[in-house]
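Asker: One rule links them: number in this note's numbering = place in the sequence shown (from 1) + 1315.
Just so you know, these hints were derived from the structure itself, not from any lab.
There may be inaccurate statements among the hints.
[Stated by the list, open to error] If you anchor each label on the Cβ, the simulated ranges turn out as follows:
1) P1409 to E1535: 50 to 60 Å
2) Y1591 to E1501: 36 to 46 Å
3) C1529 to R1402: 57 to 67 Å
4) E1433 to D1560: 20 to 30 Å
5) D1499 to E1588: 20 to 30 Å
6) E1501 to E1598: 21 to 31 Å
7) S1626 to G1471: 52 to 62 Å
Glycine included, every Cβ here is placed at the ideal spot set by N, Cα and C.
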Amino acid sequence: MLLKRSRKPRFLVSLGMTKAVISSEARNLAPKSIGSNLGYYSPYEKNGNIVAPVGYDSLDMKTRVSLPDVASERDPRGVALHAVGIRGLRLPVPLRTPADTVQQVIAVADLSVDIDAEQRGAHMSRLVAALYEWASVPRTPAELKNLLEETRDRLGSRAAQVRMQFPYFLEVPAPVTQTPGWLDVEVQWECKLNNGASFAISHFVFPAMTLCPCSKAISEYGAHNQRALVRMWLHTKDKLPRLPDEYLPLVQESASSLVYPVLKRPDEKFVTEYSYENPRFVEDVARELALRLSEREELSGFRVECESIESIHNHNAFAMYESPRRK
């Protein structure tokens, strides 16, 4: 005798950007929910009846009943913590560029505060909320300080610090045909606020190109060349972060050549010949950048590094310079 296999209902959910959309099959099988008219399924149901979630005494979810706040409990160990927070939160951030346009970047953020010895823990959800609120409107780099002030005040701390990393795109046309293209630059901001004193570092990673002067000198024709990474760590006098737009020309002047997003044949010919006429060791690039950055009035200090991804060696080459701090 063949037994008829019972068919179990399948709840098929497709996730959108802002809400989960329930398939018609699942919607017909599920009890009516408080969110059914909004297109998602509410978990707050029991035996077909809608109930308030735990911690609320009404369905409007506005009137809280008393719940213990464990994070605010007194800690008996007497150890203050310098940084407590969240790490690796990914979120979209609309940035206002120097050209007064808005570029939407996908940032990975760390945000933390200090806590007193008597406080058991920090309210982590407030840190997430502070980041989301800050990123809800277009921001300039200078407004990162507002995030720190808001976070510090919201959590009742003396200090707050944020690290934010994201790819930032610069429009770089091809050198001859002017074909447009987008060059991605890695940006990392690290900012701190402690008892009113602030601190900021802007870190950029630019792709560039080096052609070996030694290889050119000893060869009858050609010279080995490769992509290089130019890294900058910038301290500004106003203690505010920066975007990389104004520093790309310094890389162009210091390396054998820029790296271009799009190259037609006339462009490729130009880059090949231009880099051959401008050979650079990593030492040359680091020194050229050191001289150019030393002339920047907005900087109180900097560190610069060039790393060449060697094409004929099984290792990379690098050179680094760090400036003295100035007021």
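Asker: Out of the numbered hints, which ones does the structure contradict?
Answerer: 2, 3 and 4
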